[in-house]
Each structure stands twice: as C-alpha cells, then as structure tokens.
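Enquirer: Make a model of the complete structure from these sequences and hints.
Here our numbering runs 36 ahead of the position in the sequence shown, where the first position is 1.
Please note: incorrect hints may appear among the correct ones.
[Claimed, not checked] Distance ranges between label pairs, derived from CB positions:
1. S106 <-> N185: 22 to 28 Å
2. G190 <-> T83: 43 to 49 Å
3. E243 <-> T70: 27 to 33 Å
4. A161 <-> A272: 27 to 33 Å
[What the hints assert, rightly or not] Calculated cross-link-like contacts (lysine to aspartate or glutamate; reagent style DMTMM-like; alpha-carbon spacing at most 20 Å):
5. K169 <-> D92
6. K264 <-> E240
7. K110 <-> D177
8. K110 <-> D92
9. K135 <-> E121
10. K135 <-> D180
11. K169 <-> D80
12. K110 <-> D296
13. K135 <-> E145
14. K110 <-> D80
15. K110 <-> E168
16. K135 <-> D183
17. K110 <-> D295
18. K264 <-> D295
19. K264 <-> E236
20. K135 <-> D177
21. K169 <-> D126
22. K264 <-> E221
23. K264 <-> E76
24. K264 <-> E245
25. K264 <-> D293
Just so you know, the hints here were simulated from the structure itself, not pulled from any lab data.
None of the values given here were measured: they were computed from a predicted structure.
We put the beta carbon where it would ideally sit given N, CA and C, even for glycine.
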Amino acid sequence: MSYASSIDIGPLPPLSTNPNATNGTFWRPAAGLTWQIVLENALDNTTVNASVYDIDLFTNPTSTFQTLQSMGRKIICYFSAGSYEPGRPDSGNFTAADKGHGVDGWPGEFWLNTSSPNVRNIMSARLQLAAEKGCNGVDPDNMDAYDNNGGGLGLTAADAVDYLTFLAIGAHTLGMAIGLKNAGEIVNATLPMMQWQVNEQCVEYGECETFQPFIEENKPVFHIEYPKDEASFTTAQLCGDGNTSLNGFSTVLKNMDLDDYVVACTNS
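Expert: Written out as structure tokens, the structure is:
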C-alpha cells in the first residue's frame with residue numbers, strides 16, 4: 037500500500053519505506069487485552085490487574101518501567117507527537133516556525149508543523165528515549181490537526197498519514213510497536229502499520245463503528261469513556277451493553293484527567 041502525501045518528508049531512518057518492515061521484532065498485541073491508562077501524574081499504583089499500562093514517557097522514572105516489566109506488564113508510552121506542550125524536557129528545542137494555532141482547550145499548547153525537519157528530529161529523539169526506558173510501544177497523540185482547521189498550518193489527513201508512517205518506521209526500527217490515537221478519518225490508511233488504536237469517547241460521539249477494522253484484524257482498540265462528563269449515558273451504555281459496534285473493544289471508564297481511577301468494562 038502506498039500513502040499519498042503532498043509534503044517532502046526528507047530522509048527516513050535506514051529501513052524499507054514499508055512501515056511493517058523491520059530488522060527486528062516488535063510487540064503485536066491481540067484484541068481484547070485489559071489495560072490501564074494514567075497520564076495526569078507519574079504512575080504510583082501498579083496494583084491494577086491490567087495486561088497493558090499506558091503511561092507518560094517523561095514523568096515516569098526508569099524504576100517504574102522496571103517494576104511493570106517485572107510484573108509481566110506491557111508498557112505503552114504516551115507523548116504528544118502532533119502538538120507542542122510547555123514544560124516538557126525538550127520543549128525548548130521547538131522553534132516558533134514549528135508551531136501553528138493553539139490547541140483548543142489546552143492553554144500553552146500549539147499544533148506542530150509535522151513536516152518540519154526539526155519537529156521530526158525531536159520526535160526521533162523521543163522514540164529513542166522510549167526505547168531506552170523499555171517501552172513496548174508508543175502512543176503518539178494529536179494526530180488529527182486536519183480535523184482542527186489544519187492546526188493553522190494547512191495540515192491534511194494525507195499529512196497525518198505521512199507523519200505516522202515516519203513515526204511507525206522509527207518505532208519499528210527500535211523494536212517498538214505503535215498505535216493510532218483517535219483520528220478516525222485515517223483508520224483505513226494507517227491500519228496496516230498500526231498495532232492498536234486508542235480511542236476516547238466513541239460512544240459519546242457515535243463513532244465506535246469507525247474503529248472496528250482494528251478488531252477485524254485482531255488488533256486492540258483501547259477505548260476510554262468519561263462517565264462524569266457524559267451524564268446522558270448509563271454505565272452500561274458506555275461499556276457497550278447491547279452495542280455491537282463496541283464488540284471486542286478493551287473499554288475502561290476514567291476521569292477526564294486520566295488519574296489512576298479506572299473501571300474496566302466486561303461486556304464490550
């Protein structure tokens with residue numbers, strides 16, 4: 037499969053342009069795994085009985101990764117690949133030219149020009165850090181600038197696919213898996229190179245069917261709903277009771293700030 041793009045992505049890592057090609061091996065999880073996601077702060081509760089933990093790349097020390105590994109957990113490392121966040125250790129490496137419009141609802145955060153060589157170098161360094169810390173895979177966020185006025189940079193869905201191809205090649209080269217975060221419009225274009233999908237609020241927005249292609253390929257859909265912010269839905273509805281579009285999903289109910297509170301659904 038080829039991926040159309042209107043931008044010059046520059047030199048890629050020394051690997052085939054097929055993002056599924058790799059010189060080593062990487063984790064390929066099956067659908068239906070249990071999971072926990074904690075992004076508000078560093079993880080301090082490892083007692084949740086989940087096969088997969090999605091945690092922040094930067095805020096968690098190496099000891100946390102070692103603890104999870106000793107427990108046989110798989111670790112997905114979160115970072116924002118499509119937006120600038122203040123306060124990250126490498127925030128000072130971004131230039132003004134790398135930034136587009138502000139991200140709605142997130143003060144101080146800006147959409148990134150994902151074709152910028154500087155942005156891509158920074159993300160390559162983040163992938164290297166993830167590999168060094170022991171991440172089994174990465175969860176690059178904010179891939180949907182195309183659905184947010186192009187991020188003020190004219191970014192399109194094709195640009196998002198191009199960027200994810202770059203990230204997938206980088207992750208796979210380093211022996212890590214990678215998943216698609218939200219971004220329903222590009223599911224079909226990215227499915228071959230993604231190992232899972234992380235989705236927020238597809239019940240609330242009526243979009244769950246969009247992500248079923250992952251389940252059909254026996255790839256997990258790690259699905260989050262926020263019951264405190266979705267009062268018009270019952271817990272059973274959020275967990276997919278009677279809703280076949282959630283069949284096979286790994287659904288958890290969380291607080292919006294993604295602290296360690298979690299309820300794992302059993303009927304999706």
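Enquirer: Now tell me if each hint is right for this structure.
Expert: Verification of the hints:
1. A beta carbon spacing of about 45 Å between S106 and N185 contradicts the range 22 to 28 Å that was offered as a hint.
2. Restraint check, G190 to T83: a C-beta distance of roughly 46 Å satisfies the suggested window 43 to 49 Å.
3. Restraint check, E243 to T70: a C-beta distance of roughly 23 Å breaks the suggested window 27 to 33 Å.
4. As the Cβ distance of A161 to A272 is approximately 44 Å, the hint placing it in 27 to 33 Å is violated.
5. For the hint linking K169 to D92, the alpha-carbon distance of about 11 Å falls within 20 Å, and the restraint holds.
6. The suggested pairing of K264 with E240 holds, with an alpha-carbon distance near 12 Å, which does not exceed 20 Å.
7. Under the criterion of a C-alpha separation no larger than 20 Å, the hint pairing K110 with D177 is consistent with the structure, at around 19 Å.
8. Distance check on the hinted pair: K110 and D92 sit about 14 Å apart at the alpha-carbon level, within 20 Å; holds.
9. About 11 Å separates the Cα atoms of K135 and E121, which keeps this hinted pair within 20 Å; it holds.
10. For the suggested pair K135 and D180, the alpha carbons sit about 15 Å apart, so the restraint of at most 20 Å is met.
11. Of the pairs offered as hints, the one joining K169 and D80 holds, with about 17 Å between alpha carbons and a cut-off of 20 Å not exceeded.
12. A distance of roughly 17 Å separates the Cα atoms of K110 and D296; the hinted pair therefore holds under the 20 Å criterion.
13. Between K135 and E145, the direct Cα distance comes to roughly 9 Å. Compliance with the 20 Å bound is thereby established for this hinted pair.
14. At roughly 16 Å between alpha-carbon atoms, K110 and D80 fall within 20 Å of each other, so this suggested pair holds.
15. For the hint linking K110 to E168, the alpha-carbon distance of about 15 Å falls within 20 Å, and the restraint holds.
16. Our distance criterion of 20 Å between C-alpha atoms is met by K135 and D183, whose separation comes to about 17 Å.
17. For the proposed pair K110 and D295, the alpha carbon gap of about 19 Å is at most 20 Å, so the pair holds.
18. For the given pair, K264 sits about 13 Å from D295 by alpha-carbon distance, which is consistent with the 20 Å threshold.
19. Using a Cα cut-off of 20 Å, the hinted pair K264 and E236 holds, with the two alpha carbons roughly 14 Å apart.
20. Note on K135 and D177: the hinted pairing holds, with a Cα-Cα distance of about 16 Å set against a maximum of 20 Å.
21. Annotation: proposed proximity of K169 to D126 holds, straight-line Cα distance about 16 Å (limit 20 Å).
22. A C-alpha spacing of about 27 Å is found between K264 and E221, which places the hinted pair above 20 Å, so the restraint is violated.
23. For the hint linking K264 to E76, the alpha-carbon distance of about 17 Å falls within 20 Å, and the restraint holds.
24. With a CA separation close to 23 Å, the supplied pair K264 and E245 exceeds the 20 Å bound.
25. Proximity of K264 to D293 is assessed by CA-CA distance (about 11 Å); at most 20 Å being required, the pair is judged to hold.
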